[in-house]
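Top to bottom, those sequences are chains V and E. Using my numbering, the first residue of the first sequence is number 26, and each one after it goes up by one. Using my numbering, the first residue of the second sequence is number 37, and each one after it goes up by one.
Among these hints, one or two may not hold up.
Taking lysine to any residue pairs in the SDA-like style, the calculated list, with each CA pair at most 20 Å apart, reads [what the hints assert, rightly or not]: (1) Lys119/E / Ser39/V; (2) Lys122/E / Met26/V; (3) Lys122/E / Asp63/V; (4) Lys57/E / Met26/V; (5) Lys57/E / Asp345/E; (6) Lys282/E / Gly323/E; (7) Lys57/E / Asp72/V; (8) Lys42/E / Glu234/E; (9) Lys119/E / Asp97/V; (10) Lys119/E / Glu62/V.
Keep in mind the hints are simulated off the structure, nothing from the lab.
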Amino acid sequence: MFEKYLIVDDSLRSTADGFAFDARLGYYRGLGLSMIEDLAVSIDGQDAPREAVRFDEGHGALTLAEMETAYDRRWGFGEIATISVVWPAGLSAGPRRVGLTERLRVSYMPFPSIRRDEKELSVA
Amino acid sequence: MKSNIKRGISLYSFQEELFLKQMNVEDCVAFASSIGADGIEILPEQNMPSFPTISDAEVDGWKQMLARHGAHFTCYDMFLDTKVRKDREMTDEEQVESIRRDLLLANRLGIRTMRVLVFVRPDILEKCVPFAEQLDVHMGVEVHAPWHLEHAWILRTIEVADRLGTKHLGILPDMGIFMKHYPPEFRDKFLRQGARPEVAQFIIDNHEQKIMAEYTIYEVAVNMRGNTAEVAMAETLRHAPYANPKRIRDFIPYFRHIQAKFYGMTEDCRDPSIAYDEVIPELVAGGWDGTLSSEYEGNRWIQDAMPVDSREQVRRQHVMFERLITDAEARN
């Protein structure tokens with residue numbers, strides 16, 4: 026559900042220590058951050074280490090480990106958040122293949138909900 | 037016999053446009069009102085960005101907005117995050133407290149029906165009954181496919197309601213339990229994902245004959261060497277029950293709201309999949325006077341390939357509702 030909308034078009038940019046892009050939650054309601062088990066990012070087919078990924082819905086960047094206990098924060102329905110990745114090599118200008126897999130712990134489902142999107146974005 | 041069935045919509049129906057911010061909640065309410073579907077079902081965790089801390093000003097804002105369009109709230113869709121923590125499940129006390137939080141917010145919004153997720157345990161709901169009675173909110177356990185009206189899990193809730201003699205616990209049927217024919221929107225998505233047409237047709241034919249899902253899944257996965265799309269399509273049959281529409285009348289004392297699930301309407305305003313033409317006459321004959329609340333869920337089946345127009349789909353469903361209710365009135 027909503028897979029094709031996870032990665033926001035034209036949002037890839039270089040940062041001081043890597044790169045960042047914007048993303049939406051693939052779910053029909055908002056969800057507490059503690060239930061977002063994983064945000065797996067790849068760039069040009071290369072997986073970013075889990076420790077390198079940061080999430081910020083507007084209240085400050087968190088590592089994925091910190092999100093596990095962020096009980097008072099939510100990723101709102103349809104809201105755009107920033108996902109940044111510490112990527113020492115940096116990104117040169119040009120088109121890049123960005124992949125994002127969201128793994129959600131939805132209480133009424135017997136198994137995790139997995140949403141995946143992959144898009145070609147250009148570094149501005 | 038004149039029917040007192042009311043028509044409404046769930047904001048769930050407009051999830052595509054709301055998600056992409058092509059519509060806001062007021063656009064949805066204005067549209068619903070314009071087609072005579074003035075009962076509004078809300079998902080606070082979808083539609084209220086500040087959930088769960090909703091201020092009195094926000095509550096007033098919602099009430100005024102609905103009043104501007106001659107609409108009113110019908111139902112509050114709750115969620116229960118039993119797995120909010122990674123290290124353990126919520127305790128029973130935490131679950132009751134979470135449900136009480138939702139009952140309180142429903143009451144503040146002036147909503148008297150709450151959709152309870154089907155997985156919530158009947159013994160937890162029993163503990164919530166005193167709050168529901170005090171706040172005058174009916175807790176209706178969503179009867180959602182693959183559960184159905186006479187599933188033993190659902191009957192446990194009915195048993196609790198009967199034993200307590202309460203009017204504030206019951207059920208809330210989702211019309212997906214009456215899937216008489218396989219939805220064309222499902223088929224087309226699996227074809228786009230690489231299902232062979234003859235295998236897709238085999239699955240549809242088996243569903244049409246109401247063959248137990250596991251036979252079809254094995255046949256497709258093993259004997260037909262089904263690919264990923266074909267096996268996934270066969271597995272949808274596990275969630276595609278066609279419950280007996282004639283039985284819904286027996287449950288009328290236990291529900292006051294219906295989630296009118298649908299996946300797509302034809303241009304001549306018929307549902308090719310869900311047996312509304314069999315269910316609505318039973319509701320009319322039984323004198324049911326609750327709300328048929330549109331729950332369009334076709335977007336996720338077509339959004340990969342084509343634009344979604346939730347308003348048009350909902351409009352067509354309400355044309356069908358009016359026709360089926362009028363026809364049934366004439367017969368009763």
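Do the hints match the structure? See the list:
no., hint, verdict
1, Lys119/E / Ser39/V, "violated, 36 Å"
2, Lys122/E / Met26/V, "violated, 24 Å"
3, Lys122/E / Asp63/V, "holds, 12 Å"
4, Lys57/E / Met26/V, "holds, 16 Å"
5, Lys57/E / Asp345/E, "holds, 14 Å"
6, Lys282/E / Gly323/E, "holds, 14 Å"
7, Lys57/E / Asp72/V, "violated, 31 Å"
8, Lys42/E / Glu234/E, "violated, 42 Å"
9, Lys119/E / Asp97/V, "holds, 15 Å"
10, Lys119/E / Glu62/V, "holds, 11 Å"
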